[in-house]
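S.K.: Chain residues, written in single-letter form:
2 protein chains.
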Amino acid sequence: MKFSNFFSPTLKNVPAEAEIISHQLMIRSGMIKQSSAGIYSWLPLGLRVLKNIENIVRDEQNKAGAVELLMPTIQSADLWIKSGRYNEYGKEMLRIKDRSGREILYGPTNEELITDIFQSYVNSYKDLPKNLYHIQWKFRDEVRPRFGVMRGREFLMKDNYSFDLSEQDAIISYNKMFEAYIKTFLRLGLIPISLRAETGPIGGSLSHEFQILAKTGESTLYYDKDLEQIDPTNIDTKKLQSYYAAVDDLHDQSKCPIEKNQLKIAKGIEVGHIFYFGTKYSEKLGAFVQNNKGENVPVHMGSYGIGISRLVGAIIEASHDDKGIIWPLNIAPFKISIINLMIDDENCKKVADNFYNQLSSKFDILYDDRDCSIGKKLSDNDLIGIPYQIIIGKRDVKDNLVEFKVRQTNESKKISIDEVINIVSKKINL
Amino acid sequence: MKFSNFFSPTLKNVPAEAEIISHQLMIRSGMIKQSSAGIYSWLPLGLRVLKNIENIVRDEQNKAGAVELLMPTIQSADLWIKSGRYNEYGKEMLRIKDRSGREILYGPTNEELITDIFQSYVNSYKDLPKNLYHIQWKFRDEVRPRFGVMRGREFLMKDNYSFDLSEQDAIISYNKMFEAYIKTFLRLGLIPISLRAETGPIGGSLSHEFQILAKTGESTLYYDKDLEQIDPTNIDTKKLQSYYAAVDDLHDQSKCPIEKNQLKIAKGIEVGHIFYFGTKYSEKLGAFVQNNKGENVPVHMGSYGIGISRLVGAIIEASHDDKGIIWPLNIAPFKISIINLMIDDENCKKVADNFYNQLSSKFDILYDDRDCSIGKKLSDNDLIGIPYQIIIGKRDVKDNLVEFKVRQTNESKKISIDEVINIVSKKINL
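Residue numbers (the numbering used here), protein chains in the order written: chain A, 24 to 453; chain B, 24 to 453.
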C-alpha cells in the first residue's frame with residue numbers, strides 16, 4: 024500500500040478526552056475516530072489490526088473444533104423475557120421499539136439466541152458435543168464510556184457457546200476453550216494470566232478470566248510467577264488452573280497459599296472471560312436432548328468471550344514506548360515499511376520502487392512515498408509501530424546502503440541494498 | 024470439515040412463510056434461521072457463502088484503489104439533522120434513544136458519517152481523489168420484510184464513497200467503480216445488466232443500477248442483447264453505458280432506440296446501485312478542500328452500494344434446479360464434498376479418509392461422514408449445492424473406482440481412485 028493512496032491521518036495533538044495511553048496513541052496514529060460517546064469508526068490502519076486479531080482468534084477457535092456462525096445484532100425481546108434477563112439486564116441493554124411497536128434490542132451477548140438456535144435443530148445426545156461461535160458487534164450502553172475502545176459502547180466480541188450432555192463433558196469443553204484462549208493470547212504476543220473468577224449475573228459454578236500483563240493495566244494482579252512461563256507447544260490446562268492468581272480486592276496476604284518469593288504483583292487488563300453455567304439457559308429456553316436411555320435432559324452449557332476491539336487497546340497498553348506503538352509482528356497493520364526520505368531523488372525512488380515491487384506480493388508493505396518532511400516520516404512510522412522499517416536516504420543509496428530499523432528495540436543499522444530482501448524475509452518468516 | 028462436526032441442519036419441509044425459491048432453499052439447506060421478522064442468523068453454511076462473496080467484493084474494491092475502513096452501526100442523529108435527512112428518511116430508519124435520552128439510530132447508509140470523517144482530516148486538493156469503503160451491517164425497518172435475505176431488515180452492504188475536486192474527476196471515479204462492479208459480478212458467476220437509473224432521495228445527476236439475470240427475478244428488463252456479452256478481460260465502461268437497457272415501467276416500445284431483434288427481455292434482480300451526487304452532502308456537512316488557487320471548494324461525491332447478504336439470495340435465484348442450489352465455484356461454501364456412503368465399511372472409510380487428508384490442506388472440503396441413509400447424503404449434497412462430489416460406495420471401491428459428480432450438469436462418471444486427486448485439482452484450479 025502506498026501511503027499517498029492510503030487514508031491514515033496522523034495527528035500531533037492528543038485530544039483532551041483521551042485519558043489513557045492506548046486511546047491517545049490510537050487517535051494520534053489515525054486508527055480510530057470517535058463518532059459519538061463510546062462509538063468509533065475504525066480508520067484503515069485500525070481496521071487492519073482489528074482484522075488481524077480477529078483472524079487469529081478465529082483460527083484458534085476453528086482449531087479447537089468450534090464452528091462459526093453469525094447471529095444478528097438486533098434481537099427480539101421475546102427470548103430475553105423467557106430467560107428472565109430482560110428485566111435483570113438494566114440500562115446497559117439498548118432497548119428499541121421498531122415501527123410496529125415491537126420490543127427489540129441491540130444484543131449485549133447471545134446466550135438466549137444461541138440456545139434457541141441449538142434447540143431448533145438438535146435433539147439427540149448423538150449430536151453432542153457442539154461448540155458454536157460468532158464474531159459480531161455488541162452494544163452495551165455504558166453509563167460512562169471511556170478509555171477509547173477499551174470501554175466503548177459498540178464493541179466487537181468473539182463469543183462462543185458449548186453444549187454437552189453432562190457436567191463432566193461440559194468441563195472437558197470448558198478446558199478445551201481455556202487452552203484455546205491461552206494459545207490465542209500467546210499468538211497475539213501477550214502474556215496471559217488466568218484467574219478463577221466469580222460467575223456473576225451469567226450464573227453457574229465455574230469461571231476464569233484472562234488478564235494480559237501491561238504496565239499501565241487497570242487491575243493489580245497477585246499470582247504465582249510460574250504462570251508467566253507458559254510453553255506454547257505444551258499447554259497443560261490443569262496445571263495452569265492450579266496456580267494461585269487473584270485480583271487485588273480478592274487477594275489476602277495472610278491467606279495467600281504461596282511463598283512470597285514465588286508471588287508476583289503486576290498490572291493487568293481483562294481481555295477474556297469463560298463460564299460454565301450448567302443448565303440455567305437450556306432449562307428456561309427448552310434446549311433438551313434425548314440421552315441414550317431415551318430421556319429428555321437439558322444440555323449443559325458454557326459461554327466464552329474475547330473482547331476483540333478491546334484487545335486492540337489492551338495490546339497497545341502492553342506494547343508501546345514514548346515514540347508510539349510497538350506492534351507484535353503477528354498483528355501489525357503492515358509488517359514492513361519502505362520509507363523513501365527523498366521522493367524527488369531518482370536513485371532513492373528507484374531503490375524504493377524496486378523493494379516495493381519485490382516485497383509487496385509476499386508481505387503487507389506500507390510504502391511511505393508521502394511529500395512531507397523527513398522528520399514526520401520517521402516519527403509517523405514509529406508512532407504507528409511498523410515492526411521493520413527500510414529507510415532510504417540519498418547519501419546511503421550512493422554507497423549502495425539503506426538503514427534497517429527494528430521497531431521493537433529501536434536499533435538500526437546500515438545494510439547493503441542487495442541484502443535487504445533476504446534479511447527482511449528471514450525476519451518475517453521466523 | 025467433517026459433516027458430523029459441522030452444524031448444518033438440512034430440513035425436508037419448506038416453511039410456509041418462504042414465498043420464493045431462494046428463501047426456501049436457504050432454509051432447507053440450513054444456511055439461515057429467522058430470528059425475528061426480517062432478521063436472520065447465518066448458520067455456518069450460509070456464513071461461508073456470505074464471506075466468500077464479501078471477499079470477492081473486497082478484493083475488487085481494493086484493486087480499484089478504494090481503501091477499507093469500518094464505520095459503526097449506531098450513529099448519532101446530529102449529522103443526519105445537519106444533512107436534512109433525519110426527517111426525510113421516514114419510518115425505515117430505526118430511531119433509538121440511549122440511556123441519557125440522546126437520539127441515535129441504526130445506520131441505514133453512511134453518506135453523513137463518511138463525509139464527516141473525510142472533512143475531519145482532508146483539506147487540500149493534493150489529497151484527492153479518495154475512495155473509502157466499508158462492509159458493515161445496516162438496518163432498514165421495512166414495513167413488510169419478506170423474501171428472506173432479499174429484503175431483510177438487518178442486511179450486510181458494501182458501500183463506498185468517492186471524493187473529488189471537480190465533477191470531471193468525480194465522473195472518472197464513478198466510471199472506475201462502474202467497471203469494478205461489472206468485474207465483481209462476473210467473478211461471482213453472474214451476468215450483470217447495467218441500467219441508467221433515477222437518483223431518487225440520495226440526490227444528484229448520474230446513477231446506474233446493476234441487475235443480475237435470473238429466471239425468477241423480480242424485475243422485467245428490456246435491453247440490448249450485446250450487454251450479455253461482456254469480455255471480462257476487456258471491460259469498456261463507455262460502451263457498456265451506451266447500450267439501451269430499461270426496467271419495464273420505464274420501457275416504451277414505441278420510443279425504443281434499438282431494433283426488435285437486438286432487444287432482449289428477461290427477468291433480473293437488483294444487486295447494486297451507484298450514484299454521483301455532486302456537492303449535496305459536502306456543502307451541508309462542510310467537506311471543503313483548498314484548490315490550487317487557494318480557494319475553499321466543496322468536494323464532489325459519489326456513493327456506491329452492493330447488497331452482499333441480498334446477493335446470496337439473488338445468486339440462488341439465478342442458479343438452482345429442482346434438486347437445490349448450484350453454487351458458482353468461486354463462492355461455494357465447500358468446493359468439494361467427499362461422500363462416504365458406507366461409513367461402517369473399512370475400505371470405504373480408508374479411501375474417504377485418504378482423500379480428505381490429501382485434499383483438505385488445499386481446498387475447502389466437506390467430508391460427509393454422517394450416520395444417515397445413502398439417499399439423504401446424496402440429496403443433501405445436491406441441496407446445498409457442492410460443485411464437485413466424490414461419491415464412495417462399497418462396490419465401486421472394490422473395483423478401485425469412485426463416482427465423480429459435477430453439480431452444475433448433474434452428470435457423474437466412474438473414475439479410478441488414483442485419478443481423483445489429479446482430476447479434482449485441475450477442475451478447481453481452472
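The hints are simulated quantities; they were obtained by calculation from the structure and are not laboratory data.
A hint or two may mislead.
[What the hints assert, rightly or not] With a cut-off of at most 16 Å between alpha-carbon atoms, the simulated EDC-like pairs for lysine to aspartate or glutamate come out as follows:
1) 120/A with 115/B
2) 114/A with 115/B
3) 206/B with 126/B
4) 114/B with 121/A
5) 303/A with 111/A
6) 25/A with 376/A
7) 149/A with 259/B
8) 417/A with 376/A
9) 56/B with 111/A
10) 86/B with 387/A
S.K.: Work down the list of hints and note, for each, if the structure agrees.
M.R.: Quick rundown of the hints versus the structure:
1. 120/A with 115/B: Distance of about 12 Å is within 16 Å: holds.
2. 114/A with 115/B: violated, 25 Å
3. 206/B with 126/B: violated, 40 Å
4. 114/B with 121/A: holds, 9 Å
5. 303/A with 111/A: Distance of about 15 Å is within 16 Å: holds.
6. 25/A with 376/A: Holds. Residue 25/A to residue 376/A sits at ~10 Å (cutoff 16 Å).
7. 149/A with 259/B: Violated - the C-alpha atoms of residue 259/B and residue 149/A are around 56 Å apart, more than 16 Å.
8. 417/A with 376/A: holds, 14 Å
9. 56/B with 111/A: Status violated; Cα separation ~27 Å.
10. 86/B with 387/A: The hint holds at about 15 Å.
The structure fails to meet hints 2, 3, 7, 9 from the earlier list, while all remaining hints are met.
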